[in-house]
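Enquirer: Residue numbers (this note's numbering), protein chains in the order written: chain Z, 1 to 487; chain C, 1 to 557; chain U, 1 to 423.
Mixed in with the good hints, there may be bad ones.
[What the hints assert, rightly or not] Derived lysine-lysine pairs resembling DSS-like cross-links, with alpha carbons at most 30 Å apart: (1) 411/U / 34/U; (2) 353/C / 366/C; (3) 490/C / 324/Z; (4) 270/U / 252/U; (5) 366/C / 327/C; (6) 126/U / 311/C; (7) 381/U / 311/C; (8) 148/U / 311/C; (9) 534/C / 175/Z; (10) 34/U / 7/U; (11) 267/U / 252/U; (12) 359/Z / 324/Z; (13) 311/C / 194/Z; (14) 7/U / 432/C; (15) 490/C / 175/Z; (16) 304/U / 267/U; (17) 148/U / 126/U; (18) 305/U / 246/C; (19) 316/Z / 359/Z; (20) 305/U / 327/C; (21) 468/Z / 246/C; (22) 490/C / 194/Z; (23) 513/C / 469/Z; (24) 353/C / 246/C; (25) 7/U / 498/C.
[Said to hold, decoys possible] Pair by pair, the computed Cβ-Cβ distance ranges are: (26) 353/C / 245/Z: 22 to 28 Å; (27) 92/Z / 478/C: 53 to 59 Å; (28) 426/Z / 554/C: 56 to 62 Å.
Keep in mind the hints are simulated off the structure, nothing from the lab.
From the three backbone atoms N, C-alpha and C, an ideal C-beta is built for every residue, glycine too.
Here are the chains, one letter per residue:
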Amino acid sequence: MALKEELAGIVSSENVFDDPETLDAYSRDFSFVKPVKPRVVVKPGSADEVQALVRWANQTATPLVPVSSGPPRFHGDTVPGVPGAVIVDLSGMKKVMRIDRRNRVAMVEPGVTYSELQPELAREGLRLTTPLLPRASKSVVASLLEREPTLIPRQLWASLDPLRCNEIIWGDGHKLVTGDAGNWSSFEEAWERKQAPAGATGPGQADFYRFVSAAQGSMGIVTWASVKCEILPALHKLFFVPAQRPDDLLDFTYQLLKFRFADELLLLNNASLAAILGNGADHIKALMKELPPWVVLVGIAGRSILPEERVAYQEKDIADIAGKFGQQLVSEIPGAGSDEVLKAILNPSREPYWKLDLKGGYQDILFLTTLNRTPEFIKTMNSVAEASGYPASDIGVYIQPLHQGANVHCEFILPFDRDNPEEATRMQQLLTIASEELIEQGAFFSRPYGIWADLAYGRDAQTTMVLKKLKGIFDPNNVMNPGKLCF
Amino acid sequence: MALSREAYRELEGIVGKENISDDPALLDCYRYPLSHTAIHIGPYYRVYTPRGAAVLLPGSAEEVQGIVKLCNKYRVKFKPSSTFWSAWGFPLEDDTIQLDMRRMDRILEIDDKNNFAVVEPHVIGATLQAEAMKVGLNTHIHGPGASCSCLASATALGGLGPDTLYMGHHNENLLGVEWVMPDGEVLRVGSVGSGLGWFCCDGPGPSLKGLVRGMIGTNGAMGVFTKCAIKLYPWPGPAPLPVEGKPPAYKAVLPDNFRVYTLGFPAWKAWADSCYLIFDAGIGYVAHRQFSMFGRDLKGAMVRILSDPTKTLSDIEELLKDPEVQKMTEDMKRDYQIVLAGMTPGDIEWQDKALDKILEETGGWKVKAMLEPDLYNWSLLYMIRLGHKNLNLVYGGGYDGCFGLGGTPDFGASGEPPRVEQATAFKVEWEKKGNVVACGGDAMMGGIGGMGGGGHALWENFTHFDPADKASTEGTFEFFNATDKYGMEKGFGPGMEKMNDYARWTDGKTTPKEIRDRILGAAAQPEAFRYQRKFKETFNPNDLGDGYYRTLDDPIE
Amino acid sequence: MALEDYKVDMERCSQCSYCKWIPFDQVKSWRFAKGCPSIAYNNFLSYSARGRYAVALSLLNGQSTYSDRVVDIVYKCTTCGSCDVSDKICRYNLEPLEMIHELKFRLVEDGQVLPQLTAVIEHLGKENNMMMKSGANRGDWAEGLDVKRIPGESAEVLFYAGCRFSYDEELQETARSAVTLLKNAGVDIGIMGVDESCCGGRAYDMGYKEEFTRLAENTIKAWTAAGVKTVVTPCADCFRAFSRLYPPLGAKFEILHTVQYFDRLIKEGKIKFSKTIPMRVTYHDPCHLGRQGEPYVPWEGKEKKVKNQIVVYEPRRPRYNGAWGVYDPPRDVLKSIPGLELVEMERIREYAWCCGAGGGVKEAYPDFSSWTATERIEEAKSTGAEAIVSACPWCERNFIDAINAAGEKLKVFDVTDLVKQAI
């Protein structure tokens with residue numbers, strides 16, 4: 001039987017695509033990862049279909065590359081690592097399966113985007129904390145599985161929050177439900193007992209969902225996940241603490257993290273805030289000049305209980321804390337007002353995606369570290385960029401405290417013109433040099449896309465060995481996105 | 001097979017003569033009486049866990065690695081334990097090498113900027129908390145209390161406790177692990193594996209933290225955890241704790257940014273409503289249904305006894321006749337304790353107001369008697385230090401938790417009548433038989449926050465008995481059998497009282513395979529245990545752990 | 001009571017580990033959180049109260065027999081009672097210290113003894129002192145002291161020096177000072193000199209109950225014959241023996257430690273200070289004056305259960321958990337001395353760390369004893385104090401020895417010494 005027909009038998013023929021345009025679209029992304037054309041793209045509509053696909057892949061030794069978010073994609077993780085792959089595009093699995101206001105959890109399929117989920121949550125008085133301006137096509141499940149940072153560190157008790165329960169089809173074709181829901185015999189019984197898919201751990205003595213996190217689809221496919229939501233704020237304000245140097249903002253930020261004050265809490269430099277607010281290259285460039293070099297964004301939300309009072313006391317106390325560290329909490333900064341920024345960071349990105357707007361392309365470098373170490377990484381990034389002829393002033397910096405401040409996501413956004421081969425080549429070289437220097441300096445590439453995989457695993461042989469063994473358990477025939485990470 | 005002299009000498013060469021023993025009487029100190037609380041099996045009257053082949057006191061990860069490699073060489077099972085609380089830390093088979101991790105007791109680092117501590121296995125909640133408080137930080141102290149190992153809780157066992165609402169579950173708090181794997185290789189999980197410090201336990205790529213532990217840990221059956229990093233939390237109070245009073249009724253007078261209340265509610269629905277409102281408001285530093293462990297009918301009297309150094313258990317009957325104690329007990333019927341800690345004056349003021357609003361909305365109240373200065377300051381210290389945890393043993397020396405309705409606050413509080421009342425009524429009938437303490441049926445202890453930020457509750461119904469009394473012990477066992485059956489019939493799910501039946505059986509040793517397979521096979525997803533079998537085959541090739549690691553041998557379906 | 005009577009305790013002990021630490025509420029640091037010197041030094045679980053319960057049960061059940069290790073486990077305990085205080089935070093029906101004593105008694109009965117202790121006890125039998133010295137020289141410490149001699153003379157108060165103060169030449173001056181201070185404050189005081197014999201308390205803690213009983217009965221007889229009503233002693237070991245161990249044998253004397261008497265006299269204005277002592281000191285609570293210094297309460301009764309399985313006692317049983325030991329009098333005395341600054345260590349009062357001299361440990365396990373004392377010295381130093389002050393010659397001797405061995409500069413005083421200096 002021809003490949004397409006075999007797959008049509010699983011997902012029906014209208015969900016199988018092998019036209020050149022489609023294949024080409026999935027063969028590359030905005031990264032420097034080498035393009036590889038898939039054989040077919042399939043769009044399953046259910047977990048059963050996904051499971052059947054994985055089983056089929058095992059029987060036929062066909063590589064599968066799961067994709068949930070729509071384009072543009074950036075990190076090479078959904079670009080096939082080997083020829084002959086079948087893309088499993090989950091973007092059609094769009095069911096919001098359940099929203100439980102009382103327990104503040106929602107269950108969603110992988111095709112559900114932030115743009116689609118937030119309005120539904122809002123109707124129930126909830127919202128989901130998001131990454132920083134995700135693109136409109138960004139899958140909630142994929143984002144959380146890839147451990148993308150979200151904006152409210154005080155709510156991140158667990159490192160993978162707000163991701164909770166997951167249904168996973170492993171690379172061996174078996175299904176496992178993780179977290180609380182993994183202990184239930186049926187959803188109906190669970191709902192009757194007023195249970196909720198709120199707890200992420202287990203079942204048993206392993207946290208299975210962690211194996212699919214930052215796995216780039218190499219372990220299995222998640223067919224639904226539950227997420228922990230927040231109460232939709234009744235009152236929500238945003239403030240700025242501007243500064244000339246990032247160092248000046250660290251003690252203030254640490255204090256807020258320690259007190260678990262503020263909701264949204266992140267550090268941006270002028271280039272990244274300009275990219276968020278600007279509309280077109282000229283506007284962004286103008287804003288870069290106008291905005292203060294560094295700023296902490298401080299969101300304060302009042303929710304269901306005494307919202308005004310909460311916002312009032314936090315505003316006062318946070319202002320006092322800022323003052324204690326020689327800084328000021330303000331509602332306006334040159335070039336930006338709080339309402340405008342709040343609206344921006346609470347919503348998906350406008351088009352084009354904010355990181356692309358300045359030059360049409362970008363390369364990011366992202367890793368984890370601790371807040372106190374971020375200035376030295378910024379210094380290194382800037383000096384490497386300048387040495388490579390890239391203007392440091394164009395580098396967007398985004399520092400997102402995570403896990404209640406235990407670590408921070410540090411991201412450098414380097415816009416460049418992808419259509420200019422010379423610029424692209426220089427950027428590729430800069431990426432390599434900067435990544436090597438940063439990892440040498442102590443950057444933890446916890447989500448090692450592209451060239452970072454070798455760099456990261458090269459520093460940790462035992463982890464690499466254990467991961468390979470684990471991969472052998474869950475995906476013994478190496479059908480899940482082969483060629484990524486250390487696999 | 002007993003340990004050969006050759007193996008003994010080699011082990012002695014690793015840890016030194018003074019840190020190894022195979023004296024029979026000494027080995028008997030490393031056996032756990034299963035007539036006692038054994039979390040959660042039995043009780044089996046006068047049954048003990050098997051005697052080990054030798055006990056070793058390793059002093060470093062290198063020594064642990066050496067021991068584990070030798071165990072692989074000689075194919076001898078080994079079992080580590082840090083603070084030996086409950087039967088989990090004791091072998092299932094004769095002639096196991098027991099590792100007492102007591103000598104590895106250092107707090108290696110407290111990072112007061114990034115809020116974490118790096119600890120060795122024998123660091124306990126009380127010592128870590130005391131050191132953390134010196135730099136304005138605090139640590140989650142898990143349910144078994146301040147006496148227990150922080151590392152064991154974070155890596156190898158459970159990890160939730162009264163302060164989980166604010167300070168997280170220890171699973172959530174684990175930022176890095178050094179793990180001597182069962183084959184003797186050392187894995188450092190997370191950022192520390194790359195030599196970059198202890199700030200993240202996930203990555204690079206798929207998180208191997210998932211292999212370290214799940215909802216619970218591997219109970220010492222999969223290697224030895226020799227270091228770990230734990231996330232710390234703010235402590236807006238003095239250091240050291242300003243403790244005063246005579247033993248055991250110690251009290252602490254803390255500054256005005258602390259509050260402790262015992263909240264009572266008119267109905268279980270209101271009780272659950274208040275939990276959800278507290279989760280939504282994001283208030284509370286410690287929140288737990290703590291003193292209910294003494295029983296619905298006795299807790300008022302017990303609180304009076306425990307907070308007064310002149311009183312003993314002999315006062316209980318007299319106190320129960322006291323109308324004020326009766327009123328207090330009734331006020332506390334559907335209760336929990338909550339500590340509020342304000343980081344600033346505005347913070348505590350808002351939290352207090354928010355709590356009042358929640359009480360207004362739910363019809364709840366602050367139990368007045370618990371606001372008397374002596375009780376207030378006693379309960380505040382109790383909740384923060386959790387240094388009296390083993391009062392669960394105060395009556396006769398034995399306790400175990402049964403039912404264990406885990407999940408949302410609504411789970412226990414709903415049903416007709418509410419499940420908590422069903423469980424209470426069932427236990428009251430068994431209390432009439434005389435073998436367990438008659439405390440009013442509901443000795444359900446549990447958190448209103450079983451996970452960081454709330455969302456989970458636990459309803460562990462404490463059952464108190466006398467482990468030195470055959471009838472009491474055996475009667476308790478019968479009760480647990482009945483409880484298990486009742487819970488399954490009622491759809492409560494598997495009872496906590498039988499939680500470890502899959503591992504250890506009535507003789508104190510490994511559960512027979514057919515029974516074990518039946519128990520594990522009845523789980524909602526036995527596949528999890530089939531995957532765990534694969535983990536064991538892969539990472540513990542010589543099977544040197546024990547049956548506490550849950551595995552099923554049949555293929556994954 | 002016999003060891004078998006504690007079998008229920010052995011079976012009710014829940015292995016909670018509280019016995020190893022000071023009460024958790026009182027933990028102020030990692031460094032000074034441990035309570036039991038025995039397990040802190042020896043590490044195996046068997047060297048804790050829990051471990052000794054388990055060893056005893058193993059022996060009683062015939063699961064193991066005596067071995068060098070068992071002997072080591074049993075005797076390597078200072079019987080300081082730290083475990084007893086901490087256990088009773090959560091348990092109202094366990095008596096670990098009593099059980100440990102019974103275990104020692106049993107080993108002695110069964111001939112499982114240590115040669116070092118045997119030598120001491122054999123000497124005690126002949127010379128009535130714990131110091132391996134001649135009984136004939138017991139009164140030498142008071143030579144030339146202008147004080148009544150009982151029984152030849154009568155006095156309202158008997159000053160009982162104890163073995164250590166009687167024979168330890170470096171410490172004898174303290175006893176002489178105490179007598180002089182009391183006398184000068186108007187106390188009608190006398191001593192027994194060569195007619196004084198060992199209180200037996202240390203023999204009791206070593207496991208030699210018979211020897212203790214012999215000595216106690218002799219002393220009670222001698223005091224009764226001399227018409228003694230009140231006894232004051234500068235030794236915490238003796239204080240505890242007289243106040244806690246003698247009453248069950250029929251003794252009915254008022255027992256005071258010198259610090260209690262000084263405290264009373266200072267508050268009555270009968271001792272007045274004229275000198276300033278500009279010194280920062282810290283006070284070490286002797287186990288036998290503090291947690292084991294609680295007044296004896298007669299009790300005879302039995303266990304009963306209420307509410308099905310709550311173990312209580314009929315009649316109400318006294319609860320010795322260190323709550324009512326002698327803690328404030330020595331502190332009040334020190335605080336009343338002009339210029340003296342009292343700073344506290346982390347482990348004080350009922351949860352004080354032991355000096356390491358008790359239970360026969362100093363005699364049989366000098367290294368362990370010295371280590372225990374050194375731990376206390378370290379704790380004292382951490383307060384910034386120039387001196388450690390105590391109210392027991394055994395503690396003071398052990399501290400002096402440990403300080404000398406380590407070349408430390410910390411001074412050691414008895415409360416009496418400072419009272420004397422300030423007058």
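Enquirer: For a quick check of understanding: which of the numbered hints are violated here, in increasing order?
Expert: Numbers 3, 6, 7, 8, 12, 13, 16, 19, 21, 24 and 26 - these are the hints that the structure violates, sorted from lowest upward.
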